[in-house]
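> Sequence:
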Amino acid sequence: MNESYTVDKAPGVSGMGRDSFASPDAIPANGLRYAVALPFYQKHGIYIEDAGKPIHVKGGAHELTIDEKWSTTQTIPVGGGGGSEDWRSTIKSVLGIVVKTAENALREKYPLLPDDAISGLLGFGASGADSVSKQEKVSFSVSDKVKIVPLAGKTILARPVYFKVKSVSDEWVKEAGGDLKLVRRSVVSDVVVKMGWILECPDAKGGMRLARQMPSEPREGVEYDYKADTLLDIPTPPDPEVDEYAPPTGPPDRMDVSSGENHVRWRFTGPQESTVKSLGGGLRAGRGFGKDYFTEISVQCPPPKYQGDSRTYESYRFDYRIEGTSPDFGNWDWEERSAGTISFTNGMRTIDPWESDPKTMAQHRGIPADGGEYKYDLRFHVYVDGAVAADPKLHVNIIPVT
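Mapping of the sequence shown onto my numbering: residues 3 to 404, in sequence order.
If you're looking for bench data, these hints aren't it; they were derived computationally from the structure. A virtual CB, placed ideally from N, CA and C, is assigned to each residue, including glycine. Just to be clear, a hint being listed does not mean it is correct.
[To be verified] Derived BS3-like pairs: lysine-lysine, alpha-carbon spacing no greater than 27 Å straight-line:
(1) LYS45 to LYS176
(2) LYS55 to LYS156
(3) LYS45 to LYS102
(4) LYS183 to LYS45
(5) LYS207 to LYS55
(6) LYS361 to LYS377
(7) LYS279 to LYS377
(8) LYS45 to LYS361
(9) LYS71 to LYS139
(10) LYS136 to LYS102
(11) LYS60 to LYS229
(12) LYS196 to LYS71
(13) LYS55 to LYS136
(14) LYS60 to LYS156
[Stated by the list, open to error] Simulated DEER-style distance windows between Cβ atoms:
(15) GLY252 to SER145: 22 to 28 Å
(16) THR277 to SER25: 25 to 31 Å
(17) GLY62 to ARG256: 36 to 42 Å
(18) PRO217 to GLU70: 29 to 35 Å
(19) PHE296 to PRO204: 54 to 60 Å
(20) GLY282 to ASP117: 56 to 62 Å
Sequences are here, hints too, so could you generate the full structure?
Structure below.
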């Protein structure tokens, strides 16, 4: 899923703000657009991706180098009609709330740790947005030569990794009277905020915890795992002992893709355990003189306990759009009127001029992930002419919300 959609092209939007907010209600009424990440991504947006083969270190000193590097891809948010640096404003807003959410979770788990220890556990801060490059492909470029020495009986797994943050956000403006206005929806970003090493060692439960570096003045009674020739800038449990683990490997939404044809060509993306079905019938013309067409789908996501990952969601929404059609003469808003966002459960309802519900979206509400199958008759206001238009193709993207 890498689409984003503009739903309002009205003049007077002066630019993008860079502050971070947990909900649209919290943004200031200053005329600026703000990217607000969906709660699921606020909580689970941080993850790591391997940048090379892990190294098992045991015994004497070992210099950390990579024999084979693996590059990674980024999704940079684009569009929106603003300035050339809008993409970085989006990332600053998103990364700020993701880091704050992660730090709050660590603070709740370890209330006595000082602020520097909390940020050290995370491995990077909100300022990481400044180092994001506007490239589709990024290669591992950490060249520092680091030597580590595992302590007696310890085995260290050294992993070269990319620290990444993925999010889906909406852009909002709060007008002078306090009313919220949705400007763009479902803006996807997936970027590298840092690259470096994760050092792990086995824990008592059979998992892999973060390894602890022995300081120059070790504390009595604290278990340490390795010594290094420098203080490493990596996530590491502080002193005294804290049980902590590396961020999850792989993006939080674990997207899968399927495509096919059932009287209409279709392409669906969503979490691996989700299901979207085209119910057949193709595009059906509506009544009257309008250019309304309909096609029916069903969506289904299992409850959290059946989602197969610790990063679970309780609700979701889906974006849809149709391509391979032509605008009617003089109807130049056809593209916006052939796409929408569904965040409610009671089937089709008319919300002009696009099929979305900014109220439920602003409240971060969605379709419950309860295993239920929900059916929708999607509406498209398009001009379909077989002589000049390609066969229409339906795109549906399921997006975790909370």
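> Sort out which numbered hints this structure fails and list those numbers smallest first.
none
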